[in-house]
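Asks: Spelled out, the chains give:
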Amino acid sequence: DTEVTQTPKHLVMGMTNKKSLKCEQHMGHRAMYWYKQKAKKPPELMFVYSYEKLSINESVPSRFSPECPNSSLLNLHLHALQPEDSALYLCASSPQTRNTIYFGEGSWLTVV
Amino acid sequence: GQQLNQSPQSMFIQEGEDVSMNCTSSSIFNTWLWYKQDPGEGPVLLIALYKAGELTSNGRLTAQFGITRKDSFLNISASIPSDVGIYFCAGHSGTNFGNEKLTFGTGTRLTIIP
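Quick note, the sequences are listed as chains U and S, same order. Take the first sequence: its letter number 60 is residue 60 in my numbering, and every next letter is one higher. Take the second sequence: its letter number 67 is residue 67 in my numbering, and every next letter is one higher.
Because the hints were derived from the structure by calculation, they are not lab data. There may be inaccurate statements among the hints.
[To be verified] Reference excerpt, derived from the structure (chain U facing chain S, CB under 10 angstroms, subset only):
id, residue
1, Val4
2, Gly28
3, Ala31
4, Met32
5, Ala92
Glycine included, C-beta positions come from ideal geometry on N, C-alpha and C.
Only chain S is shown next, with the shape it has when bound in the complex:
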C-alpha cells in the first residue's frame, strides 16, 4: 500500500545529542501522528497534530505539522538511552478514521552509541 517518505532511515547518535526526522508526502493530510515502537511491542502514540503549522511538544519531543500539509517533523532534544527504538510517522487525509486508512511512514530507527 501507500507509504510516506520518512527520513532518515536510521540514525546513530551519542547520548545527549538532538535528533531530527521528517516525513513527506505527495498528498495533503489533515492529521499527522508520531509513534515510537520498542522491539516486540506495539507503537505508542507520542504526538498528534491537527492543523497546518501546528507545533506541539511532549517533554523533550517536539513535532510540527508542515504549512503545506504534506510534511511533518519530529525533534528529540538531549537524547537518552530510552529513546532508542523505531519512530513512525502516520498521516490521515480524511475526517473519519473509521472509514479511511492511516498511511504510515517507513520508519526511522534510532540507535544510541555508547
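Here chain U stands alone, though its shape is the one from the complex:
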C-alpha cells in the first residue's frame, strides 16, 4: 500500500479567504512533503517535515503555513493568497527504510 490521500481534490478561494489543504498517509512514513506544481513544469518543493518537525522550508511566503499534527497528517493552511498561487499542490511521503517518495493525487487550487 503506497497511498497518500489529499483533500479536497479541487478548491476555489478568494484572495481574502482562509482555507486548508489536508494530507494523510498510514504507511508509517516519517517524512512528509508539500510540493507546488504549475502546468507543464516539474513539482517544486515547498516544505519537508521529518519526524513531525519542519526540516526544510524553501523560502515559501508566509501566506502558506504548514502544520504536521501527527505522523500521519500534514496540513497546508492558506491565507491571503494571490492568483499566481493557483496550481496543483502535491503532498508526498517517504519511508525511512527506502529512498523513495510517493505522491498523492494532488489538490487543484484556484485563487480568484
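We have chain U already, so just place chain S on it with the hints.
Replies: Relative to the frame of chain U, chain S by itself:
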C-alpha cells in the same frame, strides 16, 4: 531551483514503438527515481534505482542508473495508448530524504499518434 537536464522534451510516436529518454546532471546522485504523471493527477513512481550500473525493469519499462552516477535512462518497449503522459526523472544526492531535496528533471511529454 536546480533542475536536471531531461531529454527529449517531447516525443511523438506511433503505438508499438519503443521509447527512450534520459536525464543528465552535473552532480552525482545516490538515488534516481522515474515518475509518470497523467493530466490532473499526481506523479506515480515507476522505478527506483539505488546503485551505479543498476538496471531495473517494471513490465515494459526498463531504467538504468548510469555508471558515472550523473545520468539515468528510461526505456519503454512496445508503447500503448496508456503510456501517454509526462515522465519525470528525479535525483537525490543525500542519504536522508527527510533532510535533503529531491531534484526533478524538466519532464518528457509522450504523445502517441493514431
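Asks: Quick one: which hint numbers does this structure break? Sort them smallest to largest.
Replies: 2
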